[in-house]
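Participant: Here's the letter readout for the chains.
Protein chains: 2
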Amino acid sequence: MPYSTTKLAAISAGLSALVAMSSHAGPEQAPALDADASDPVKLGWMEGFPPPQNKLIGQPDSNYFSFPKLRWTVCHFRELLPTKQVSRGLGAPIPLPVAPEDKGIDYVTFTPIGSDTKMTWKDSLAANYTDGILVLHQGEIVYERYFGALREDGKHGAMSMTKSMTGLLAEILVAEGTLDENAKVVTIVPELEGSAFGDATVRQVMDMTTALRYSENYADPNADIWVYSAAASPLPKPADYTGPRGYYEYLQTVQKEGTHGEAFGYKTINTDALGWILARTTNKDVATLLSERLWRKIGAEQDGYMTVDSTGTPFAGGGLSAGLRDLGRIGQLVLNGGELNGEEIFPVEAVENIRSGGDKAAFAKAGYKALEGGSYRGMWWIFHNPHGAFAARGVHGQTIYIDPTAEMVIVRFASHPKAKNAAIDPTSLPAFQALAEYLMAKNATPEQPEE
Amino acid sequence: MPYSTTKLAAISAGLSALVAMSSHAGPEQAPALDADASDPVKLGWMEGFPPPQNKLIGQPDSNYFSFPKLRWTVCHFRELLPTKQVSRGLGAPIPLPVAPEDKGIDYVTFTPIGSDTKMTWKDSLAANYTDGILVLHQGEIVYERYFGALREDGKHGAMSMTKSMTGLLAEILVAEGTLDENAKVVTIVPELEGSAFGDATVRQVMDMTTALRYSENYADPNADIWVYSAAASPLPKPADYTGPRGYYEYLQTVQKEGTHGEAFGYKTINTDALGWILARTTNKDVATLLSERLWRKIGAEQDGYMTVDSTGTPFAGGGLSAGLRDLGRIGQLVLNGGELNGEEIFPVEAVENIRSGGDKAAFAKAGYKALEGGSYRGMWWIFHNPHGAFAARGVHGQTIYIDPTAEMVIVRFASHPKAKNAAIDPTSLPAFQALAEYLMAKNATPEQPEE
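Those protein sequences? They're chains D and L, same order as listed.
All residue numbers for the first sequence refer to the UniProt record's numbering, where the first residue is 1 and numbers rise by one.
All residue numbers for the second sequence refer to the UniProt record's numbering, where the first residue is 1 and numbers rise by one.
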């Protein structure tokens with residue numbers, strides 16, 4: 001570990017956690033506190049003037065992304081890190097239609113994966129450490145709740161759902177003919193010659209079937225994830241630091257291991273490489289693109305923002321924070337194939353391409369149990385289930401779950417103590433399916449007059 | 001200098017500059033580049049993926065607040081530092097009325113202070129390194145221009161105009177009876193006992209007539225400004241750092257020198273103390289208060305934001321960035337005595353108190369030549385001129401200039417190479433007066449039919 005010192009470890013610990021957890025997380029302990037006991041408002045994080053030492057979450061040594069602190073941090077990244085705005089523009093928001101309240105939703109029941117005991121929708125919210133959840137059915141809000149540190153006018157880390165936003169931008173450019181999915185990356189970003197990305201195709205990067213030598217073994221101080229984290233940190237580097245600075249320098253150091261296109265490997269650095277590809281293709285960074293292509297077009301009610309590295313590069317693989325309803329607008333736009341109120345925001349082919357799915361055989365090699373038979377396409381997760389559902393997903397329970405058959409979009413922000421969605425899927429995916437069926441049944445059998 | 005090391009100097013250099021320049025600035029060189037030659041867009045700062053080394057403005061060693069880099073930085077603080085949102089809420093903005101364009105404004109002429117040569121309004125914009133300027137007359141936009149790195153949907157550092165926002169909040173609370181201007185500070189913030197602030201009154205803090213031992217001699221490495229800057233920096237402290245952490249710890253170390261109430265002394269730390277007083281009075285930090293009492297009430301079209309220290313405390317003395325038209329809304333609201341579209345946003349007494357002015361004799365001791373006969377009240381500058389004009393002012397040319405007689409509000413964002421407004425007033429204050437007279441004359445003589 002040529003550059004590492006205790007100081008660097010301390011300095012980059014917080015961001016390392018953020019970055020690292022955005023892909024696979026290491027071994028974790030069982031949570032000590034349930035959702036209620038870990039409620040960040042009840043715990044009083046950052047309350048007081050100044051907050052007392054045991055309630056302080058700051059840079060750099062407070063380990064701000066450890067549970068239960070992370071329950072506060074997911075709503076406050078900008079107060080800890082430099083960020084770039086994802087502007088909504090200056091106009092009036094386009095309100096999302098709201099359906100009459102349906103009290104039945106809370107009592108929709110489902111059986112968690114690996115369990116014999118049924119659970120209600122309502123109980124699943126606490127089980128999943130939900131911070132905010134929005135359900136759209138046929139374009140109308142049928143359910144919306146806020147918990148923990150999130151309020152309707154707040155923002156929450158999208159974590160790796162950021163990847164799906166970056167991927168959607170790429171699919172849009174591919175559909176528009178601006179970006180050639182079959183091009184070798186080196187032809188777009190010459191600096192990546194000699195790195196693993198150079199001879200991969202844009203599509204392989206978009207679907208994460210690149211063959212990368214990239215270790216996320218947290219116990220190994222030489223693991224690539226630590227080098228990446230140190231490079232990505234916007235905080236000052238130690239004087240003796242000689243490693244790469246920023247996402248772009250780091251990406252040039254990534255070496256190949258294997259053959260591109262053979263196996264799906266969920267590695268955040270693919271999305272950072274895709275961000276670079278998009279920037280070179282459009283001459284705009286990902287935050288600016290998200291603003292121009294999505295946030296300014298959807299009638300968003302809040303700006304979003306992205307964390308940046310020390311060269312101002314937005315974190316394409318995990319840096320977005322946004323409002324719950326604004327991600328609902330994005331989800332609904334994707335469900336609608338890019339159309340909003342009769343206007344084509346982007347070509348329908350962008351969504352069709354995602355929904356068609358990726359290479360199932362390549363995906364199977366990664367061994368995701370709750371996602372068996374699934375695939376990954378354009379940085380979205382495709383379930384290949386009977387409803388044709390697909391999703392954006394991020395650590396600690398973030399999801400935009402789109403069920404085209406049920407005409408349903410669910411956006412969930414969460415701060416589950418476990419990073420991996422494998423811990424959260426059992427009380428989530430069956431709940432989403434049950435809610436889809438409930439909404440479809442309701443739709444199929446409108447209330448009839450008696451007799 | 002117990003804590004200082006070369007590393008600390010490097011780490012805190014950027015923020016030190018920001019903080020330091022917010023009050024009096026040290027000796028400066030003559031500008032090498034004029035407004036056009038220093039245009040940050042033409043210079044290409046932060047352009048490219050990644051930006052080349054000679055176009056990079058980043059943390060911590062790029063000296064980002066030096067001219068001409070500062071012309072980019074004033075529009076991008078959040079990309080370099082942690083910040084807290086000043087939320088506008090979620091509703092639709094209230095548009096500012098726009099008057100028909102008046103091409104005569106550009107040709108309004110005035111004589112700069114200390115000059116024999118007349119200058120046009122239009123030429124004054126470049127002379128002052130204007131980034132954005134908005135003129136409201138009788139509540140309508142009569143002039144609006146953007147230059148440099150600023151666009152209508154961008155934000156610009158308000159610098160010490162932040163003080164006037166904090167001061168306005170204090171005047172509102174005083175007018176509402178929530179804050180006693182005669183109370184000793186120690187009765188509100190007990191931690192300030194033993195510091196210079198403890199036995200000062202709230203009003204003395206609000207009017208900066210406290211007697212503080214506080215040196216801003218930049219050549220002296222032990223000067224208080226450096227200790228303050230190091231404390232205020234949100235960036236990680238060096239391992240050997242033993243100084244105060246955050247605004248609140250620093251304020252407790254400030255010692256008294258002289259007698260409170262006798263002389264005006266423009267020291268940013270007064271505003272930070274006032275921010276603490278406001279927080280303890282309302283249980284809300286200044287960013288939250290600005291949102292609740294102003295931004296959410298004025299139909300703002302953009303969120304603002306404030307830089308924060310490592311404990312999350314917003315920089316009450318200089319940390320605000322905001323949109324040009326939103327500061328126009330604030331200026332118009334102040335001119336209107338707190339009324340907007342028939343609604344009382346705050347009591348008129350808050351503005352009356354500011355306009356009544358501060359202690360002229362105390363102010364005179366500070367020796368501001370361009371402001372002779374003026375005073376400072378509630379963190380606003382009162383000119384005591386025939387028009388009753390008063391202003392928020394910040395380094396490098398920021399101003400909200402309110403002329404009640406002419407029913408005129410001017411908001412100017414600028415990035416003049418010199419920090420002190422003494423360098424900018426000569427081509428600004430006479431221009432504002434000339435424009436006021438032009439608009440009044442226009443109003444007095446509506447176009448007449450011929451003959």
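Just so you know, the hints here were simulated from the structure itself, not pulled from any lab data.
Hints are supplied without guarantee of correctness; some may be wrong.
Pairs count within a copy or across copies, as identical chains cannot be separated in the list.
What the hints assert, rightly or not - Pairs of lysine-lysine, BS3-like flavour, derived with a Cα cap of 27 Å:
1) K42 <-> K284
2) K284 <-> K55
3) K360 <-> K184
4) K184 <-> K118
5) K365 <-> K297
6) K418 <-> K297
7) K365 <-> K420
8) K418 <-> K103
9) K418 <-> K118
10) K442 <-> K118
Participant: Determine for every hint whether it applies to the structure shown.
Facilitator: To see whether the hints hold, each was checked on the structure:
no. : hint          : in the structure
1   : K42 <-> K284  : between (42 Å within a copy, 17 Å between copies)
2   : K284 <-> K55  : between (39 Å within a copy, 16 Å between copies)
3   : K360 <-> K184 : within (23 Å within a copy, 71 Å between copies)
4   : K184 <-> K118 : neither (50 Å within a copy, 61 Å between copies)
5   : K365 <-> K297 : neither (38 Å within a copy, 55 Å between copies)
6   : K418 <-> K297 : neither (35 Å within a copy, 40 Å between copies)
7   : K365 <-> K420 : within (18 Å within a copy, 64 Å between copies)
8   : K418 <-> K103 : neither (30 Å within a copy, 63 Å between copies)
9   : K418 <-> K118 : within (22 Å within a copy, 69 Å between copies)
10  : K442 <-> K118 : within (21 Å within a copy, 76 Å between copies)
Of the numbered hints listed earlier, those contradicted by the structure are 4, 5, 6, 8.
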